[in-house]
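**Q** Here's the letter readout for the chains.
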Amino acid sequence: MSGKRDGYDRRDRKPRKRASALLQGDVEINYKNVELLTNFITERKKIAPRRMTGNTASQQRQISTEIKKARYMALLPYTVNHK
Amino acid sequence: MINLYEVLFIVPSTLADDSYKELSGKIRSMIENEHESEIVKFEEWADRKLAYTINNHKNGKYYLLETRCSSTCIKEIESILSFEKTSVLRFLIDKITEKKVAK
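Line by line, the protein sequences are chains A and B. In this text, residue positions in the first sequence follow this note's numbering: the first is 1, and each later residue adds one. In this text, residue positions in the second sequence follow this note's numbering: the first is 1, and each later residue adds one.
No lab work stands behind these hints: they were computed from the structure. Every residue, glycine too, gets a C-beta built ideally from N, C-alpha and C. Errors might be hidden in some of the hints.
[Said to hold, decoys possible] Residues from chain B that keep clear of chain A, each with C-beta distances beyond 10 Å, as calculated:
id, residue
1, Ile2
2, Leu4
3, Leu15
4, Lys21
5, Gly25
6, Met30
7, Glu34
8, Ala46
9, Arg68
10, Cys73
11, Lys75
12, Ser79
13, Ser82
14, Glu84
15, Thr86
16, Asp94
[What the hints assert, rightly or not] As a list, the in silico EDC-like pairs of lysine to aspartate or glutamate whose alpha-carbon atoms are at most 16 Å apart:
id, chain 1, residue 1, chain 2, residue 2
17, A, Lys32, B, Glu66
18, A, Lys32, B, Glu44
19, A, Lys32, B, Glu6
20, A, Lys69, B, Asp94
21, B, Lys26, B, Glu76
22, B, Lys49, A, Glu35
23, A, Lys32, B, Glu43
24, A, Lys32, B, Asp94
25, B, Lys21, B, Glu84
26, B, Lys61, B, Asp18
27, A, Lys32, B, Asp47
28, A, Lys68, B, Asp94
29, A, Lys69, B, Glu6
30, A, Lys68, A, Glu35
Excised from the complex, chain B in its bound form (with noise of 0.2 Å):
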């Protein structure tokens, strides 16, 4: 069953490009080589301020993440994010549905 997720996680702002990096190629070859399935959407949104310290991080950066995938796809993306404690402060997975999208 293909469903669409929407995923935003938070990196903190002090951390270095190449381990960001490592952390998106492995969510990206995993979505797209393993499961054989379509992102639809990844973008970084600018530098943000959280709104209470997480972890003594005062900054973080948002990515979002949309991708139409399998239930199985996106518990192996969970468990990715959930692995890298010290590169992903929080986590949000949700399921949207088409019409936002489109928006």
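For reference, chain A alone in the conformation it holds in the complex (with noise of 0.2 Å):
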């Protein structure tokens, strides 16, 4: 399964990350640590996929409501298209 096809591989694109280096140790997650949260947003401010930052289930779900509520208070944007 590890050929290449047609010149397209999906990991050519992204490489694959396993465990999140920023999540190592004690770390808290939380709204107000904004400089960690960005590392979990995508250019468009979406919020990342696991596939992409190599989070852990339990990690994905805390950040997922800590980026709602730094957006919430305006700590982090919904959009880069915000008028």
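Join these two chains into a complex; the hints should help.
**A** Next comes the structure, spelled out in structure tokens:
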């Protein structure tokens, strides 16, 4: 399954990261920690999927609620198209 | 039942100091005098650009309040903040655990 087909391979686009290095050790996922959360949003300011960040399911749940809180408090944008 | 609460609220940067003082004084006296509860922390963040405009405000001052108080007290804080539509752009009340404060 490892051969490239027609020159296109999903793995060519984005290297797969396994565990998120950002959350190693004693890191608290909190909406006030904007710098940390910006690592988990995409260019279009969407919440990045786990396959991009390598978060565990429970980390991802926490991150998504904290990002939503940060968005409400205008610490993070909802979209790139804010007026 | 006494819980530890964290309140983050945004005040427009253009707001006069007096009206902010009035608001913070109101909250302070409500917690300390009426409910005899403790304010753990009341800090001001640096002036911040909002991620998006709220009521045509581009910048805001964030205030973080941590208090150990009862649920009736926090409800009153909530009603104060939600009533001040011109001076409070957004607020968020969170119940936090003691562990988070120690950090």
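**Q** Each of the hints needs a verdict: does it hold here or not?
**A** For each hint, the structure was consulted:
1. Ile2: At roughly 22 Å from the nearest Cβ of chain A, Ile2/B sits farther out than 10 Å, so the non-interface label holds.
2. Leu4: 14 Å, holds
3. Leu15: Holds, since 15 Å exceeds 10 Å.
4. Lys21: 22 Å, holds
5. Gly25: Its Cβ never comes within 10 Å of chain A, the nearest being 23 Å, so this holds.
6. Met30: Label holds. Min Cβ-Cβ 22 Å, cutoff 10 Å.
7. Glu34: 27 Å, holds
8. Ala46: 13 Å, holds
9. Arg68: 19 Å, holds
10. Cys73: 22 Å, holds
11. Lys75: Holds, since 20 Å exceeds 10 Å.
12. Ser79: 19 Å, holds
13. Ser82: 14 Å, holds
14. Glu84: 16 Å, holds
15. Thr86: 17 Å, holds
16. Asp94: Per Cβ check, Asp94/B is inside 10 Å of chain A; nearest 8 Å; violated.
17. Lys32/A <-> Glu66/B: 14 Å, holds
18. Lys32/A <-> Glu44/B: 13 Å, holds
19. Lys32/A <-> Glu6/B: 11 Å, holds
20. Lys69/A <-> Asp94/B: At roughly 10 Å apart (the allowed maximum being 16 Å), Asp94/B and Lys69/A satisfy the hint.
21. Lys26/B <-> Glu76/B: With Cα atoms ~11 Å apart, Lys26/B and Glu76/B stay inside 16 Å; holds.
22. Lys49/B <-> Glu35/A: 15 Å, holds
23. Lys32/A <-> Glu43/B: 13 Å, holds
24. Lys32/A <-> Asp94/B: 12 Å, holds
25. Lys21/B <-> Glu84/B: 13 Å, holds
26. Lys61/B <-> Asp18/B: 14 Å, holds
27. Lys32/A <-> Asp47/B: Within the cut-off at roughly 15 Å; holds.
28. Lys68/A <-> Asp94/B: 13 Å, holds
29. Lys69/A <-> Glu6/B: Measuring from Cα to Cα gives roughly 13 Å; hence the hint holds.
30. Lys68/A <-> Glu35/A: 15 Å, holds
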